[in-house]
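Undergrad: Listed below, chain by chain, are the residues.
Protein chains: 4
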Amino acid sequence: MSEQLMKERKDAAMEKRIRESFDRQGLMRHLGAEITRVEPGLVYVCMPFREELTQQHGFFHAGATSAIADTAGGYAGFTLFPLDSSVLTVEFKINLVSPAEGDYLEAVGKVVRSGRTLTICQLEVFGVTGEQRKLVALGQQTLMCIHGKTDEQASKLV
Amino acid sequence: MSEQLMKERKDAAMEKRIRESFDRQGLMRHLGAEITRVEPGLVYVCMPFREELTQQHGFFHAGATSAIADTAGGYAGFTLFPLDSSVLTVEFKINLVSPAEGDYLEAVGKVVRSGRTLTICQLEVFGVTGEQRKLVALGQQTLMCIHGKTDEQASKLV
Amino acid sequence: MSEQLMKERKDAAMEKRIRESFDRQGLMRHLGAEITRVEPGLVYVCMPFREELTQQHGFFHAGATSAIADTAGGYAGFTLFPLDSSVLTVEFKINLVSPAEGDYLEAVGKVVRSGRTLTICQLEVFGVTGEQRKLVALGQQTLMCIHGKTDEQASKLV
Amino acid sequence: MSEQLMKERKDAAMEKRIRESFDRQGLMRHLGAEITRVEPGLVYVCMPFREELTQQHGFFHAGATSAIADTAGGYAGFTLFPLDSSVLTVEFKINLVSPAEGDYLEAVGKVVRSGRTLTICQLEVFGVTGEQRKLVALGQQTLMCIHGKTDEQASKLV
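If you're matching them up, the sequences are chains W, B, P and S in order.
Under our numbering, the first residue of the first sequence is numbered 1, with each subsequent residue one higher.
Under our numbering, the first residue of the second sequence is numbered 159, with each subsequent residue one higher.
Under our numbering, the first residue of the third sequence is numbered 317, with each subsequent residue one higher.
Under our numbering, the first residue of the fourth sequence is numbered 475, with each subsequent residue one higher.
None of these hints come from the bench; they were simulated from the model.
It is possible that some hints are incorrect.
To be verified - Computed cross-link-like contacts, DSS-like style, restricted to lysine-lysine with a CA-CA straight-line distance of at most 27 angstroms:
(1) B:307 / B:165
(2) W:134 / W:149
(3) P:465 / S:608
(4) W:134 / B:307
(5) B:174 / B:268
(6) P:450 / P:323
(7) B:307 / B:268
(8) P:465 / P:450
(9) S:623 / S:484
(10) S:584 / S:481
(11) B:292 / B:268
(12) S:481 / S:608
(13) W:10 / W:134
(14) B:168 / B:268
(15) S:484 / S:608
(16) P:326 / P:426
(17) P:426 / B:268
(18) P:426 / B:292
(19) B:268 / P:450
(20) W:110 / S:608
(21) W:134 / S:623
(22) W:7 / W:134
(23) B:292 / B:168
(24) W:149 / B:292
(25) B:307 / B:174
(26) B:165 / B:292
(27) S:481 / W:110
(28) P:450 / S:490
(29) S:481 / S:623
(30) P:465 / P:332
Pulled out of the complex, with its shape left as it was, chain W reads as follows (with noise of 0.2 angstroms):
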């Protein structure tokens, strides 16, 4: 097998783990949002609009801007990590920068470095609407890989 076709196999099962984790999430499906890119390093989470997701004013709450916010930098350190671990959220700040309004909102999870037990992300979340698409908030957050155990069997529903 080729080198070129060996990686892209990894970065296949890598995706699919990513996704099914995501798909376990019942916040993400409550709230709307979807996984729409995955890569070494860098996750998209998108959640389109829907009035069960706003604050007082009637833009999008801050909790649900920062629910994917999370999730997006969580699965981005998830993806360089190993097969055999699991990724818990230590802490992230986020910066409300503007109104968060849009057709839809979407999470940029990028790693800025990667050690072997903790993994730091930037997190940034833009309003798109049509054409435009404007930062609304700001983030970095503090990963934990737990080795030794996947995804799946850290789940206490199992």
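Place chains B, P and S on chain W using the hints.
TA: Relative to chain W, chains B, P and S alone:
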């Protein structure tokens, strides 16, 4: 009217304003969250466990935990704001200190310092199971007071 | 040996370890900071006002405030770590809630949750003038315990 | 006067204002830090290694790293503020992503979003040894613009 009576009326008006604003939050309803306590500088928000609130391992999702923490802090700040003002979250930081599980989560937002423009809150979230109450998240939040616009006027839906 | 005596000896050994480590910090000496209280999970650091610690308006610089807050939290965590370990700051977040002024600043680091790998601390800094003590900064910190290496062994100067 | 010339004069005035304010910071001088680059929305601060800047293991102290990160971000924001204003740090969050070592540290403050009252900056600190430049810290900062008071007028020493 006695001073005591005036204070009671003022507190009742403040609580009403908070509860009406909370009721305009589509997300809180969608997550099944409720305001359970409102005092000057202090707000509690509770959210019973549902499969719709989980992350991939079956615990409450950090995004759901953060959403009620942000809301509790935001309204804790709002209790101290003038009547013709509204509240925005500038930023928050949250540590997920243990797996978020329990019959319900209880978020406590407490004002630490209230200024004319900015207010700082401490955020705590507890997982409650029967008599047990365990800290699951700890955060810190910066709020902004938007003067000259009531909460309802700030709404883009009005 | 009585239990009480054993506890006292253990606490004294712990305090000695903290103070020796503190004394190896070039920065604390350079800033004129001192450890003033060491208890399990709790450390105080004080720093008298000097022109060498100011920002452009003549108050204590946020960097100086943060430096003693980080140190107080780091050693508060370290009091609870095993003997053959050292401590690293993973991250911290700090709000500068009022102008940092006073005869001296007093930073208080308190452990909120101590785990095997990660420990979370709350950081408070007060400006003290005579009898007055005013909160000037509030923070939250994540520490990491490096097992199997004493604080001295972790030193690159050894 | 040509537009180009006007812009150059304005930039020179802005740089002068920043450098004079920096020179009023006792702490930066005490730490041996210097401003090395000033552009609209972007400021670099460098700090050569000295034993006076270390933590207990001989690396740059997180407090020293944070001090120049906060300063770089604060002045990056200040470059975009009106002339009759001054700058305050509301809060910052910083991840110490690898041991802070090198001939010197270089802090880069970059404005991500500049509003009338609040400005958000990204903070990066690099450890530089010869040709090597390694990220040692990553942060995010919220600044406040105090209108109607120049930086010098805000000084309590005036």
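Undergrad: Evaluate each hint against the coordinates.
TA: These are the hints, each one checked on the structure:
1. B:307 / B:165: Within the cut-off at roughly 24 angstroms; holds.
2. W:134 / W:149: violated (38 angstroms)
3. P:465 / S:608: holds (25 angstroms)
4. W:134 / B:307: holds (25 angstroms)
5. B:174 / B:268: holds (18 angstroms)
6. P:450 / P:323: violated (34 angstroms)
7. B:307 / B:268: Given that 27 angstroms is the threshold and the Cα spacing comes to 23 angstroms, the pair holds.
8. P:465 / P:450: Violated, at roughly 38 angstroms.
9. S:623 / S:484: holds (19 angstroms)
10. S:584 / S:481: Cα-Cα ~20 angstroms, so holds.
11. B:292 / B:268: holds (18 angstroms)
12. S:481 / S:608: It is violated: about 34 angstroms lies between the C-alpha atoms, which goes past 27 angstroms.
13. W:10 / W:134: Measuring from Cα to Cα gives roughly 34 angstroms; hence the hint is violated.
14. B:168 / B:268: The given pair, whose Cα atoms are some 19 angstroms apart, holds under the 27 angstroms limit.
15. S:484 / S:608: Distance of about 34 angstroms is beyond 27 angstroms: violated.
16. P:326 / P:426: Holds. Residue 326 (chain P) to residue 426 (chain P) sits at ~19 angstroms (cutoff 27 angstroms).
17. P:426 / B:268: holds (18 angstroms)
18. P:426 / B:292: holds (18 angstroms)
19. B:268 / P:450: holds (18 angstroms)
20. W:110 / S:608: holds (18 angstroms)
21. W:134 / S:623: violated (32 angstroms)
22. W:7 / W:134: With a Cα-Cα distance of about 34 angstroms, the restraint between residue 7 (chain W) and residue 134 (chain W) is violated, given a limit of 27 angstroms.
23. B:292 / B:168: violated (34 angstroms)
24. W:149 / B:292: holds (25 angstroms)
25. B:307 / B:174: Answer holds: residue 307 (chain B) to residue 174 (chain B) is near 17 angstroms, not above 27 angstroms.
26. B:165 / B:292: It is violated: about 34 angstroms lies between the C-alpha atoms, which goes past 27 angstroms.
27. S:481 / W:110: Outside the cut-off at roughly 36 angstroms; violated.
28. P:450 / S:490: Violated. Residue 450 (chain P) to residue 490 (chain S) sits at ~35 angstroms, over the 27 angstroms cutoff.
29. S:481 / S:623: Roughly 24 angstroms separates the two Cα atoms, so the pair holds.
30. P:465 / P:332: Within the cut-off at roughly 17 angstroms; holds.
Against the hints set out earlier in the document, violations occur for numbers 2, 6, 8, 12, 13, 15, 21, 22, 23, 26, 27, 28.
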